[in-house]
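Participant: Sequence:
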Amino acid sequence: MPHDFFSIPQLFGYCAFVFGVACFLQKSDLRFKVLLVCESISYVLHFWLLGNFPAMASSSMAGARTLTSIWVSSRWVAAFFVTLTIALGCWLVTSWVGVLPIVGSCIGTLGVFQLTGITMRWTMFVATCLWLANNILSGSIGGTALEVCIALSNLYTIRRLYVARANAKNSA
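Each residue of the sequence shown is one higher than the last, beginning at 1 in full-length UniProt numbering.
Calculated from the structure, these hints are not laboratory results. Note that beta-carbon positions come from the ideal geometry of N, C-alpha and C, so glycine has one too.
Heads up, simulated SDA-like pairs for lysine to any residue below, C-alpha to C-alpha not over 25 Å straight-line:
#: 1; residue 1: Lys-27; residue 2: Asn-170
#: 2; residue 1: Lys-27; residue 2: Val-163
#: 3; residue 1: Lys-33; residue 2: Tyr-162
#: 4; residue 1: Lys-169; residue 2: Gln-26
#: 5; residue 1: Lys-27; residue 2: Gln-114
#: 6; residue 1: Lys-33; residue 2: Ser-60
#: 7; residue 1: Lys-27; residue 2: Arg-160
#: 8; residue 1: Lys-169; residue 2: Thr-157
#: 9; residue 1: Lys-27; residue 2: Leu-115
#: 10; residue 1: Lys-27; residue 2: Val-148
#: 11; residue 1: Lys-33; residue 2: Cys-15
#: 12; residue 1: Lys-27; residue 2: Ile-107
#: 13; residue 1: Lys-33; residue 2: Ile-86
#: 14; residue 1: Lys-27; residue 2: Lys-169
#: 15; residue 1: Lys-169; residue 2: Arg-159
#: 16; residue 1: Lys-33; residue 2: Leu-88
#: 17; residue 1: Lys-27; residue 2: Trp-71
#: 18; residue 1: Lys-33; residue 2: Trp-48
#: 19; residue 1: Lys-27; residue 2: Phe-125
#: 20; residue 1: Lys-33; residue 2: Ser-73
#: 21; residue 1: Lys-33; residue 2: Ala-145
Distance ranges between label pairs, derived from CB positions:
#: 22; residue 1: Arg-159; residue 2: Val-97; range: 26 to 34 Å
#: 23; residue 1: Ala-168; residue 2: Val-77; range: 24 to 32 Å
#: 24; residue 1: Thr-94; residue 2: Lys-169; range: 46 to 54 Å
#: 25; residue 1: Val-97; residue 2: Ala-168; range: 41 to 49 Å
#: 26; residue 1: Val-97; residue 2: Val-18; range: 21 to 29 Å
#: 27; residue 1: Asp-4; residue 2: Val-163; range: 40 to 48 Å
Construct the entire structure; sequences and hints are all you get.
Facilitator: Here is the structure:
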């Protein structure tokens, strides 16, 4: 039963929760991306066990794209992952709810490949809001808690980055 707090699917959601919160508290883009890959792997298992295959596919693409983005910052590679995510979405989406993680993953892909720092985190905030809606509608307990915490920790880190930027400007 997917809504049982201690079912196997929910336990993987809680693992994603831990990795996700740690991820969005990072000021280092590299640590951010490594922890995001760990979150994605946990989400793949979580959504597979919940039977939400569009979210599982989006999580798979998110993990692969984030791992790739550690070494490559190319709009062509980003376009490849967006295209692949959309193709998987066309194949797997059976209701409007399935569109949410697909769009969220596409936005996140553009963020991790093309952006850094504050701008990347704002883009990821938008993707987080889409995933939050998906998780609420999917009955994902850990995933819902994760996306709320990610949104809050991401906003907190964005604020810290703005403060650090202002302090650096004032010091110069």
